[in-house]
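J.: Residue strings, one per chain:
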Amino acid sequence: MASPPAIAVEGLTVRRGGRPVLHGLSFSIAAGTVTGLLGPSGCGKTTLMRSIVGVQIVEAGRVEVLGTPAGSASLRARVGYVTQAPSVYRDLSVRENLRYFARVLAAPNERIEEAIETVALGEQADQVVASLSGGQSARVSLATALLGKPDLLVLDEPTVGLDPVLRRDLWATFRGLAAEGTTLLVSSHVMEEAEHCDELLLMREGELLATESPAALRARTGREQLDEAFLALIEERAAV
Amino acid sequence: MSARVTVATALRVLTQLRRDPRTIALLLAVPPFLLTLLKGAFHQDPETFQHVGGPLVGLFPFTTMFVVTSITMLRERTTGTLERLMSLPLAKLDLLFGYGIAFAVVAVVQAVLTSAYAFGLLGLDVVGPTAAVVALAVGNALLGMSLGLFVSAFARTEFQAVQFMPAIVFPQLLLCGLFVARDQMVGVLQIISDTMPLTYAFEALESVTTEGTLGSRGALDVTVIVGATLLLLALGALTLRRRTP
Chain D
1 MASPPAIAVE
11 GLTVRRGGRP
21 VLHGLSFSIA
31 AGTVTGLLGP
41 SGCGKTTLMR
51 SIVGVQIVEA
61 GRVEVLGTPA
71 GSASLRARVG
81 YVTQAPSVYR
91 DLSVRENLRY
101 FARVLAAPNE
111 RIEEAIETVA
121 LGEQADQVVA
131 SLSGGQSARV
141 SLATALLGKP
151 DLLVLDEPTV
161 GLDPVLRRDL
171 WATFRGLAAE
181 GTTLLVSSHV
191 MEEAEHCDEL
201 LLMREGELLA
211 TESPAALRAR
221 TGREQLDEAF
231 LALIEERAAV
Chain Z
1 MSARVTVATA
11 LRVLTQLRRD
21 PRTIALLLAV
31 PPFLLTLLKG
41 AFHQDPETFQ
51 HVGGPLVGLF
61 PFTTMFVVTS
71 ITMLRERTTG
81 TLERLMSLPL
91 AKLDLLFGYG
101 IAFAVVAVVQ
111 AVLTSAYAFG
121 LLGLDVVGPT
131 AAVVALAVGN
141 ALLGMSLGLF
151 VSAFARTEFQ
161 AVQFMPAIVF
171 PQLLLCGLFV
181 ARDQMVGVLQ
191 IISDTMPLTY
201 AFEALESVTT
211 EGTLGSRGAL
221 DVTVIVGATL
231 LLLALGALTL
241 RRRTP
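Chains D and Z, in that order, are what the protein sequence lines are. Read in order, the letters of the first sequence are residues 1 to 240 in the numbering used here. Read in order, the letters of the second sequence are residues 1 to 245 in the numbering used here.
Only chain D is shown next, with the shape it has when bound in the complex (with noise of 0.2 Å):
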């Protein structure tokens, strides 16, 4: 592919709290598409999305973002984050909250609208998110993101604790916002998630196991179920 890729990462190492969190990854992603970033909890996953995001202090290593390095000024209004935790106002109402940062991101106003609808939160737009559930209030965070129609989008566990139905479409949002073009990082740790990639980061104890597509690492460790091909590529790594 000739196009510039949305995300390029060399050699990155993050120390937090003392201890070494990221050792030296290097990778890149490809614009316009789903990439999963998988791993167990306490990997590093979050880590390594603030570095793109560019709120995370980094100890060695570039991190370029839509061709410029990852938190400059310019990508403020080009990248959305949401984090694990909802980051909302939990006393304000979901269209207060979205209104908000609609005017902060210079969003037009039926985008406020367009977002409720994406998150299925037409019902609770007028409740307070206090009065939320944790699923519902997480989709409120999600929703904020969606305002600006950012070029990449970082979104970290967007769908736990969602229901089944609403888990598939956001799924499908999500295939939707890249046949647009907007290229998209989604964590989680739950391996069946990464069907919906086109391309996978493998992250186990701070460093990458695999780049690759679902297919691929099916094909390359002989395993039909993703995450018995996950368990496999950890017990090769043991083995060298």
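Incorrect hints may appear among the rest.
Partial chain Z-side listing against chain D, Cβ under 8 Å, derived [said to hold, decoys possible]:
1) 12
2) 77
3) 78
4) 79
5) 217
6) 245
If you're looking for bench data, these hints aren't it; they were derived computationally from the structure. Using N, Cα and C, we set each Cβ at its ideal position, and we do this for glycine too.
Chain Z: place on chain D using the hints.
T.: Just chain Z now, kept in the frame of chain D:
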């Protein structure tokens, strides 16, 4: 900076406050209540009530805005909304000025109601114009707000933030001249009180309420109040980090 984002932030903070009617009731009812207690306590000594009551009307907003702002800002930090804002196209000054506008509005309402009650119903008399007392009250509210914004960076929990009230506000109230005239304090305490912004806020209020003008040190007082507010806002901006460890 953008006016759109600053105004949106101010409206957002005011909407959050509106969702909490009990806090609004406390903000507006506590100062009149305390002044009523003060009047009762100085029943035998109405002159002291007259002397202390006027400046107090202008000092209440300082303490309330300090607490309200430090807790609100701490919540932004702990719920992740600050981190989200810092990853969006929002200037730090948009956030700080947004807070400033919102709390200035609250301070105006608080000061107007408190002075209407004190001057109208409690029989408190001031020599200067009541509008000057209200204006100083709003200035003090912004001073308290910027101090609260700054110290919120040093609190991890709401318990800690609340403890900053006795730790940072009480010493200033004790030494500003409200309880004991400053020229009757020991030298060391006078020097300490010289370094505290509330001293100048009290001095200005005392001059307006007893002499009717800002007095000979009026320019200094106003400069210190405005200067300290801006300095604390700048320090507060330094505590808003786009990148964190």
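J.: For each hint, tell me whether it holds in the structure or not.
T.: Cross-check of the supplied hints:
1. Given the 8 Å rule on beta carbons, the hint for residue 12 of chain Z holds: about 5 Å separates it from the nearest Cβ of chain D.
2. For residue 77 of chain Z, the interface hint is violated, since its Cβ never comes within 8 Å of a Cβ in chain D; the closest pair sits about 11 Å apart.
3. Of the supplied interface hints, the one on residue 78 of chain Z is violated, with its beta-carbon coming no nearer than about 10 Å to a beta-carbon of chain D, more than 8 Å.
4. With a cut of 8 Å, the hint placing residue 79 of chain Z at the interface with chain D holds, because the nearest CB-to-CB distance is about 6 Å.
5. Contact between residue 217 of chain Z and chain D, as hinted, is not supported at the beta carbon level, the nearest pair being about 42 Å apart and thus beyond 8 Å.
6. Against a cut-off of 8 Å between C-beta atoms, the interface hint on residue 245 of chain Z holds, since the closest Cβ of chain D lies about 5 Å away.
Comparing the model with each earlier hint shows violations of hints 2, 3 and 5; every other hint is respected.
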